[in-house]
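Asks: Turn these sequences into a full structure, and let the hints guide you.
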Amino acid sequence: MKSTTGSHTGTGSWLLQRATAVVLALALPVLMVCFLAALPLDFTGWRTLFAPPWLRVLMLLTVAALALHAWVGMRDIFMDYVHHTGLRLLLVLAVIVTLAGSVVWLAVILFATALWGTT
Amino acid sequence: MKFRLYRYSPESGEKPYMQDVELDIDPVGKMLLDALLAIKAQDETLSLRRSCREGVCGSDAVNVNGRNRLACITPLSELKEPIEVRPLPGLPVIRDLIVDMEPFYRQYRSIKPWLVNDEPEPEVERLQSPADRALLDGAYECILCACCTTSCPSFWWNPETFVGPAGLLQAYRFIADSRDEATAARLDNLEDPYRLYRCRGIMNCVDACPKGLNPTAAIGRIKSLLVKRRV
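Chains as they are written, first to last, in the numbering used here: chain A, 1 to 119; chain B, 1 to 231.
Warning: the hint list may mix true and false statements.
Only pairs whose alpha carbons sit at most 25 Å apart, straight line, appear in this in silico SDA-like list of lysine to any residue [claimed, not checked]:
hint, chain 1, residue 1, chain 2, residue 2
1, B, Lys228, A, Ala19
2, B, Lys228, A, Ala37
3, B, Lys228, A, Leu68
4, B, Lys228, A, Leu31
Simulated restraints on C-beta separations [unchecked claim]:
hint, chain 1, residue 1, chain 2, residue 2, range
5, A, Leu90, B, Asp43, 15 to 21 Å
6, A, Val33, B, Glu102, 53 to 59 Å
7, A, Leu87, B, Ser178, 33 to 39 Å
8, A, Leu90, B, Ser12, 40 to 46 Å
9, A, Ile77, B, Lys228, 42 to 48 Å
To give a feel for the contact side, a few chain B residues facing chain A, derived at Cβ under 8 Å [claimed, not checked]:
hint, residue
10, Lys15
11, Pro16
12, Tyr17
13, Met18
14, Gln19
15, Glu22
16, Ile25
17, Lys30
18, Asp34
19, Ser154
20, Asp192
21, Leu196
22, Lys223
23, Ser224
24, Val227
If you are wondering where the hints come from, they were derived from the structure by calculation, not from laboratory data.
Backbone N, C-alpha and C fix where the C-beta goes; we use that ideal spot for every residue, glycine too.
Replies: Below, the structure is given as structure tokens:
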């Protein structure tokens, strides 16, 4: 069986990796400065740090970009080194579940107080 | 001068090994190929490919001290001893320094390296403006020696599916050609996570190319065209 065309995919994920890299390059220094300015980061330090909503939104967006960036990167590594299709699919799914789970977990931590008023 | 040569003879049943060779040769003005041929004159069992001996045919690409180069245009005086000469990495070895180029040629064939134009033939040649012709500079000079493709880790891991830098540079050569009409089909052919996007831009190909070409830049232009088509 021979194929004369590509699968017409790949450009999207490549662009996604590029775009998220730009987001990370811009957002990580800002977050780093905020974190360093808020030292020492004990429990009250964290609460004060994440009190302004814009920082919570920026944090969530950055981690979402990081997750998308990492997903493309991990997929690339699996495509290079894991040549068994079933195993590769399993690993890719595991990465998606881990990354998506982490982002949702972070969203809950950041916004639970604002939404439901609990600590 | 001291040499370490990769030796493999399939009939012997022995595993490949490195052979230490001492050769009395004045390196001034001589190329690595001169030394290899002098060694072959002493021991005719040493097998290697060579033809034009001046960097045009691309048949004597070998791995010298860890870098892929053409033996015929690599000055002996530049090389640190012992000079370790191995066959190109990532391709099956047939004997000594001779590799099976078929996986490389298969990828080259897959990009249809010929002009596709179904328009009726004009009375004279299909003319190009000097500006259109200039787009082919840096792409048409490739001699298919495989130095770049066999220095690319992505090709080592996926030789069946990744076109490789040489193939992609040639794909760009035909995409950029104003006389070619199959641009869309050529882009379709390449738009694939394996065929094109295994390239991660590490630029081993640029480092290896004995003709000073830049496959990474050509791959970047193909990606730009795909993005333009999509966004």
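Asks: Could you grab the alpha-carbon distance between B:Lys228 and A:Ala19 and see if it respects the 25 Å cut-off?
Replies: holds, 15 Å
Asks: Is it true that the C-beta distance of A:Val33 to B:Glu102 lies inside 53 to 59 Å, as the hint says?
Replies: holds, 56 Å
Asks: With 8 Å as the cut and Cβ atoms as the points, is B:Lys30 at the interface with chain A?
Replies: violated, 40 Å
Asks: With respect to the beta-carbon atoms only, verify the hint that A:Ile77 and B:Lys228 lie 42 to 48 Å apart.
Replies: violated, 28 Å
Asks: Taking the least C-beta to C-beta distance, is B:Val227 closer than 8 Å to chain A?
Replies: Holds, about 6 Å.
Asks: At a threshold of 8 Å, is the proposed contact between B:Lys223 and chain A supported by beta-carbon distances?
Replies: holds, 7 Å
Asks: Between A:Leu90 and B:Asp43, does the C-beta distance stay in 15 to 21 Å?
Replies: violated, 52 Å
Asks: Return the status of the interface hint for B:Pro16: holds when the least beta-carbon distance to chain A is below 8 Å, violated otherwise.
Replies: This hint is violated: B:Pro16 lies away from chain A, its Cβ roughly 24 Å from the closest one there, beyond 8 Å.
Asks: Does B:Ile25 meet its interface restraint, that is, does its C-beta lie within less than 8 Å of any C-beta in chain A?
Replies: violated, 42 Å
Asks: A range of 33 to 39 Å was offered for this pair. Does it hold for the Cβ distance of A:Leu87 and B:Ser178?
Replies: violated, 46 Å
Asks: Under the criterion that the straight-line Cα-Cα distance not exceed 25 Å, is the pair B:Lys228, A:Leu68 satisfied?
Replies: holds, 22 Å
Asks: Can B:Tyr17 be said to touch chain A, with a Cβ gap under 8 Å?
Replies: violated, 29 Å
Hints 2, 4, 5, 7, 9, 10, 11, 12, 13, 14, 15, 16, 17, 18 and 23, counting from the list given before, are not met by this structure.
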